[in-house]
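> Listed below, chain by chain, are the residues.
Protein chains: 2
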Amino acid sequence: MNNSPAAASSSAPPSPASAHPLLITDFLFRARDMFGDKEIVDHVDGAEVFRYSYRDYADRVLRLASALVASGVRPGDRVGTLAWNHRRHLELYLAVPLAGAVLHTINIRLAPDEIAYIVDHADDTMIFADPSLEHLLSVARSQRSDMPVVPIDADAGSPIDGPSLDSMIASAEPLASPAARADDDLAVLCYTSGTTGAPKGVGYSHKSLYLHTMAACLADGHAISERDRVLLVVPMFHANAWGVPFAALMSGASQILPGPHPTPGQIAGIIAAEQVTYTGMVPTVAVDLVAHARGSGTGLSSLRALVLGGSTPTLGLIRDLEELGIPVFQGWGMTEISPMATFSRPPASTDDDPERRWAYIRKQGRLLPGLQWKLVDEDGRIMPHDGISRGEILIRGPWVATGYYRADHPDKFDDGWLRTGDIGVIDEHGCLTIVDRTKDLIKSGGEWISSVALEEALIEHPVVHEAAVVSVPHPRWQERPVAYVVGDHDLDVDEVRAELAERVPRWWVPELIVAVDRLPRTSVGKLDKRTLREQAAGTPDLWEPTTAADSPVPVTHGDS
Amino acid sequence: MNNSPAAASSSAPPSPASAHPLLITDFLFRARDMFGDKEIVDHVDGAEVFRYSYRDYADRVLRLASALVASGVRPGDRVGTLAWNHRRHLELYLAVPLAGAVLHTINIRLAPDEIAYIVDHADDTMIFADPSLEHLLSVARSQRSDMPVVPIDADAGSPIDGPSLDSMIASAEPLASPAARADDDLAVLCYTSGTTGAPKGVGYSHKSLYLHTMAACLADGHAISERDRVLLVVPMFHANAWGVPFAALMSGASQILPGPHPTPGQIAGIIAAEQVTYTGMVPTVAVDLVAHARGSGTGLSSLRALVLGGSTPTLGLIRDLEELGIPVFQGWGMTEISPMATFSRPPASTDDDPERRWAYIRKQGRLLPGLQWKLVDEDGRIMPHDGISRGEILIRGPWVATGYYRADHPDKFDDGWLRTGDIGVIDEHGCLTIVDRTKDLIKSGGEWISSVALEEALIEHPVVHEAAVVSVPHPRWQERPVAYVVGDHDLDVDEVRAELAERVPRWWVPELIVAVDRLPRTSVGKLDKRTLREQAAGTPDLWEPTTAADSPVPVTHGDS
Numbered sequence: 001m002n003n004s005p006a007a008a009s010s011s012a013p014p015s016p017a018s019a020h021p022l023l024i025t026d027f028l029f030r031a032r033d034m035f036g037d038k039e040i041v042d043h044v045d046g047a048e049v050f051r052y053s054y055r056d057y058a059d060r061v062l063r064l065a066s067a068l069v070a071s072g073v074r075p076g077d078r079v080g081t082l083a084w085n086h087r088r089h090l091e092l093y094l095a096v097p098l099a100g101a102v103l104h105t106i107n108i109r110l111a112p113d114e115i116a117y118i119v120d121h122a123d124d125t126m127i128f129a130d131p132s133l134e135h136l137l138s139v140a141r142s143q144r145s146d147m148p149v150v151p152i153d154a155d156a157g158s159p160i161d162g163p164s165l166d167s168m169i170a171s172a173e174p175l176a177s178p179a180a181r182a183d184d185d186l187a188v189l190c191y192t193s194g195t196t197g198a199p200k201g202v203g204y205s206h207k208s209l210y211l212h213t214m215a216a217c218l219a220d221g222h223a224i225s226e227r228d229r230v231l232l233v234v235p236m237f238h239a240n241a242w243g244v245p246f247a248a249l250m251s252g253a254s255q256i257l258p259g260p261h262p263t264p265g266q267i268a269g270i271i272a273a274e275q276v277t278y279t280g281m282v283p284t285v286a287v288d289l290v291a292h293a294r295g296s297g298t299g300l301s302s303l304r305a306l307v308l309g310g311s312t313p314t315l316g317l318i319r320d321l322e323e324l325g326i327p328v329f330q331g332w333g334m335t336e337i338s339p340m341a342t343f344s345r346p347p348a349s350t351d352d353d354p355e356r357r358w359a360y361i362r363k364q365g366r367l368l369p370g371l372q373w374k375l376v377d378e379d380g381r382i383m384p385h386d387g388i389s390r391g392e393i394l395i396r397g398p399w400v401a402t403g404y405y406r407a408d409h410p411d412k413f414d415d416g417w418l419r420t421g422d423i424g425v426i427d428e429h430g431c432l433t434i435v436d437r438t439k440d441l442i443k444s445g446g447e448w449i450s451s452v453a454l455e456e457a458l459i460e461h462p463v464v465h466e467a468a469v470v471s472v473p474h475p476r477w478q479e480r481p482v483a484y485v486v487g488d489h490d491l492d493v494d495e496v497r498a499e500l501a502e503r504v505p506r507w508w509v510p511e512l513i514v515a516v517d518r519l520p521r522t523s524v525g526k527l528d529k530r531t532l533r534e535q536a537a538g539t540p541d542l543w544e545p546t547t548a549a550d551s552p553v554p555v556t557h558g559d560s
Numbered sequence: 001m002n003n004s005p006a007a008a009s010s011s012a013p014p015s016p017a018s019a020h021p022l023l024i025t026d027f028l029f030r031a032r033d034m035f036g037d038k039e040i041v042d043h044v045d046g047a048e049v050f051r052y053s054y055r056d057y058a059d060r061v062l063r064l065a066s067a068l069v070a071s072g073v074r075p076g077d078r079v080g081t082l083a084w085n086h087r088r089h090l091e092l093y094l095a096v097p098l099a100g101a102v103l104h105t106i107n108i109r110l111a112p113d114e115i116a117y118i119v120d121h122a123d124d125t126m127i128f129a130d131p132s133l134e135h136l137l138s139v140a141r142s143q144r145s146d147m148p149v150v151p152i153d154a155d156a157g158s159p160i161d162g163p164s165l166d167s168m169i170a171s172a173e174p175l176a177s178p179a180a181r182a183d184d185d186l187a188v189l190c191y192t193s194g195t196t197g198a199p200k201g202v203g204y205s206h207k208s209l210y211l212h213t214m215a216a217c218l219a220d221g222h223a224i225s226e227r228d229r230v231l232l233v234v235p236m237f238h239a240n241a242w243g244v245p246f247a248a249l250m251s252g253a254s255q256i257l258p259g260p261h262p263t264p265g266q267i268a269g270i271i272a273a274e275q276v277t278y279t280g281m282v283p284t285v286a287v288d289l290v291a292h293a294r295g296s297g298t299g300l301s302s303l304r305a306l307v308l309g310g311s312t313p314t315l316g317l318i319r320d321l322e323e324l325g326i327p328v329f330q331g332w333g334m335t336e337i338s339p340m341a342t343f344s345r346p347p348a349s350t351d352d353d354p355e356r357r358w359a360y361i362r363k364q365g366r367l368l369p370g371l372q373w374k375l376v377d378e379d380g381r382i383m384p385h386d387g388i389s390r391g392e393i394l395i396r397g398p399w400v401a402t403g404y405y406r407a408d409h410p411d412k413f414d415d416g417w418l419r420t421g422d423i424g425v426i427d428e429h430g431c432l433t434i435v436d437r438t439k440d441l442i443k444s445g446g447e448w449i450s451s452v453a454l455e456e457a458l459i460e461h462p463v464v465h466e467a468a469v470v471s472v473p474h475p476r477w478q479e480r481p482v483a484y485v486v487g488d489h490d491l492d493v494d495e496v497r498a499e500l501a502e503r504v505p506r507w508w509v510p511e512l513i514v515a516v517d518r519l520p521r522t523s524v525g526k527l528d529k530r531t532l533r534e535q536a537a538g539t540p541d542l543w544e545p546t547t548a549a550d551s552p553v554p555v556t557h558g559d560s
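Protein sequence lines correspond, in order, to chains C and G. Under UniProt numbering, the letters of the first sequence match residues 1 to 560, in that order. Under UniProt numbering, the letters of the second sequence match residues 1 to 560, in that order.
No wet-lab data here; the hints were simulated from the structure.
Incomplete in silico selection of chain C near chain G, CB under 10 Å:
1) Met214
2) Arg227
3) His429
Even for Gly, the Cβ is constructed at its ideal location relative to N, Cα and C.
With these hints in hand, go ahead and build the complete structure from the sequences.
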């Protein structure tokens, strides 16, 4: 029917979508030219220490970028940061990509030898470090003696010689024009604080981060807007603080940075003093925030959104936050997804139905536009989105990693899809509920036991506050669950076990329930199940208490 | 400093942003899988005639797509539509791209020979037409006798033989998998209803439309969300109805379609009956809507946003809409920008200051993220964003045309930038105000006269409701303004002229002020200045009333 398809296609103009790169450095110019009066505010120990405009911020960033170029940073170089959440870190966030280099945010909660591994793997050409954190570079510096380390804030007194970030800025002119970059070039590099194996680098291209930022500002996403005043509680070394700094720059929201190790009380005080409208944090921090706000009476009602991520919040936490007048949302993602994958925004029909709304928020929510997902069972079969069928969640899209930086991990990627390692169900409205991690599933006598479901069941007991279930190898049943619980002083593990046995299948009841004062956590606040697994496997006489007769698990793979 | 840049870049994983295409056809699957219960509602003559779910919509779309393939449509083919705003048109919106073809929406307000030109230029392989509009294809069909024309709704009775859209769907299975497409491939083609020269085709790629849709759903953009019920007043043949159908599908908003030539009263009735939350329209339609709502008392308060576009709304219209409880916004764009370029969302500081808010809404607003602009004077110099300096607005970005379909118009494009032809000022907050069209500027005796400023000055006169100023060639002064005004019955043009002379420079006063019953408009409701220019130039004895002494225009190019 078409007589000249070739002619038609040859005379088509170049695609604008490909002709014009999407560069995150444009966010800086947008912030300066449209939102020059908006603020960046630095707090330390809960008190304001500095406040300046996006106009002044942009001027410093442009000077810092030209200073980086003058000091030898070349396009594609990795420039490390080892820093808390403060304005100078935010300056590096844009100055490094403007110089054409790759911002490598280093996790400050790692040990010196882990940091040395990462610095070496990334081949960082230069590192900017908070003076209070420079000791973490001891091993890296001994291995890379020619790598410059720049103290971020010289006023704080630095053990390192050489110019500080401020003196670099003071002696530089603003960058005349950003280094030429394609939008597939990397802008940021972040290593996962995975609980298994060596840290793995995830590179974010300009285009990936640009599209991720658009998604963060969707009305049905985090909805960050010009009206917002955002507080960056999530560490800036952790997946770009969920991407919020870029979203704030693009939309013109003011940004408040809480400085080193803010306490829940300081966070509450900053929210009240700065009339913060948006923030995000892991549930454990939110629990402490609620406790502080209740005790102190600090008003947090300026918040239009508190986004929880990192692990599923309890029903109680969501209810507590709403009682304080704070709208709650949940996001789910991971370093490999830049990090946002889903967002849980309750539909209008739950406005007058708190129970349904809370249940909704406890789900991880709908996939953000731009991404695609599928649910795959252990045999590789696609599972339906029926709210019952479980599977590992595989995701792909413009801001989903297709590989690690300078490393092969074919097991994590499947024909362009990221294997998230999370087990979930997706309901008929496209809402995800994470039910487990693949590595936290326990295969006992041919049957799967969900560690997450067991944890939920344990927490239902009135005296149990937190619970973690891990699997340990078992001579007869292949694997068996062991539980660690944090609870009231009078917690009786035998009583907890007996009560649990009435509510879960008999073979789910853990071999061992151990009461502990606190659960180990990773550097970004997640449950450290690796440590617990090692601890459980090393328990003396672990299999003494049970006999085969006590654990009548099925021996075939069934539906039950 | 970097010893192995080549090694680093060669071991980087493929960029996810490039590896995963952004296809608008994914919106269909998103709507089906996440928002299957949301509705599409068809109205005719203001009464509901059909209502179905996105689930059922997707089923019909997938069947229609496979019917298109079966009937010979090949990837890249153009498939025309000549239709009003109704559900079957919305089915074609997705079915044609799913078949891998290009949806070519034809302007139903053009004459048969203009349509024949466009159909031939686009080389359409097939056209779907509303039976009531098929007569518009008379010339095209005589020229392309082998081109199938499919009646969209056979029930309405069609003069055309052959299967209807419904019968195609009835005999087809759902498409098993969409035609493979790269996201730089065209998905939609739309011809501008330009007021000069032949119609020009603008092709939209999948990626362009995907990113445009993300921008439409930003919290600071149109903010279309899952909570919305959108009413498609803007014709679906006009720049994808501003992209709202795609935004609604992506976000899961329900869609209400008003059918053929809805009256203001029908639009008001639909808004009230369907509890519409979002709609967009040109100011002239909104004026009629306000008049109807006031007269009838129809409640329009379900609207959370009414977006005006196409021309600058008057202060009175904005005030009137707010008095009816309707939040008002303004967008600016053009077919070549898919079409959205800016959005005017008042900042929080105007919440309690109506006068400032209205002034803000009258500006065209801030550029959407993803786009870039510059202001260029007639000598090609970049002008500052100071709220005073004027220039033509040049725009580029992922959803801005870089050329026309199968046509060269180098004057419209400048090194990847679109020359919009609009003259504006941009203030220090990045807010655009359009002050003129390049072709509407009047050069009189070496000085520029702004037709828009003259029109604004004329409208300030109490008896003048509408005004249009055009330029006509003048033997002595090169060009001179002529004004057409619509006003009260007792409008006295001599009195209007005398009053105007007190408020504008003397040489701005039009040679001729003509009272008319209505101003001519183009097929999409814009002022048709071409017709007025021709009419003015043909006025007998045009230059009689003035003498050189009456028009003491300067003869040099000055600052005044």
